[in-house]
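Go ahead and model the full structure; you've got the sequences and the hints to work with.
Per UniProt numbering, residue 1 is the first one in the sequence shown, and the count goes up by one each step.
Keep in mind the hints are simulated off the structure, nothing from the lab. A few of these clues could be false.
[To be verified] SDA-like, lysine to any residue: derived pairs with alpha carbons at most 25 Å apart:
#: 1; residue 1: Lys91; residue 2: Ala125
#: 2; residue 1: Lys202; residue 2: Pro189
#: 3; residue 1: Lys98; residue 2: Leu40
#: 4; residue 1: Lys202; residue 2: Ala185
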Amino acid sequence: MSIPSSETVLGGLAYSERTLAIIKPEAYENAEDIENHIRLNGFTILARREVHLTPEHAAELYKGHYGRHHFPHLVAHMSSGAIIAMVLAAKNCISKWKTLMGPARVVEAQAYWPDSLRACYGRRAKYGDYFNGVHGSANLAEAIREIHFFFPAMIVGPILRGPQVADYVQKYITPTLLPALTALAQERPAEPIMWLADHLYKHNPNEPELAPQAREMREDARCHTPRTLRGIGQMKILKLSCYNFFITVFTGYFVIYL
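Next comes the structure, spelled out in C-alpha cells:
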C-alpha cells in the first residue's frame, strides 16, 4: 500500500534490534522534543517518515484491532492529522521503547510513570487509550510488519558480513554460477551477458520440477508468443531484468573473491 510522504533514511549503523515508533496526531506539535528525547535515551533513528494516513491506511496498519469496539475511533483518530513514523534501533529496542513510552493508559502513565512519553505528551480521552501520544510495535513480528508498512524497502534483519557473505556465496551462488560460467566459456556467444542470463533462467535451481508432459506444454506455450510484438517485448524485459540482476551478482561475487 503506497503512502505519499517525505522520507529520510539514515544508514551506516551496525545491526541492532529495531522497532517502529509513531508520533500520533495529538503529539505532532511536540515532535522535535520527542525525537530529542528518543536520541538522548540511546536510540538511533534509522528512518523517519511524515505522513497523513487515510482511513484505509489506518485500518490496514491497525488491522489487529479489527472487531473491537474501539476500532472505528482508533482509525478515525489516526487519520485525523499528520503523524511521524520512525524506525528506531538500539539494544533490546522493542522493550526499551515500551519502557520509554510508558503505559498505554494516559491516566496510569501520569500517576505512576510521570516521566514517560505518554505521561508527558498523551491526553486523556473518553473514547479510549489511543490518544496517548506515541505508538510502538508490540513484538518482533509486529515490528517487521509495521516497518515494512511505512518503509517497504528496508531490511529489518541483520545484513550478512565478512565470513557470512562468503559462506552464503559458496552455498547458494557458486553451485549455480560456476557451471554457467564454464558453459559460457565453452560456448563463447556474441552477447555473453544476455546468453548467461538466458542460461541461468533456464537452469534456475529454484524452478519446480515438472513432469515431461507439463515441461513440453510450458515450452510450447513459450514458443507461441515470442514472434508477436508483445511476446518479443516481454522476452526483452525478462532478459534485461536478468541482465541487471546478474550484473549485481557478478559485482558482489568478484568483490569477495578477487
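These are the hints, each one checked on the structure:
{"no.": "1", "hint": "Lys91 to Ala125", "in the structure": "33 Å, violated"}
{"no.": "2", "hint": "Lys202 to Pro189", "in the structure": "16 Å, holds"}
{"no.": "3", "hint": "Lys98 to Leu40", "in the structure": "16 Å, holds"}
{"no.": "4", "hint": "Lys202 to Ala185", "in the structure": "17 Å, holds"}
Checked against the numbered hints listed earlier, the structure breaks hint 1 alone; every other hint is satisfied.
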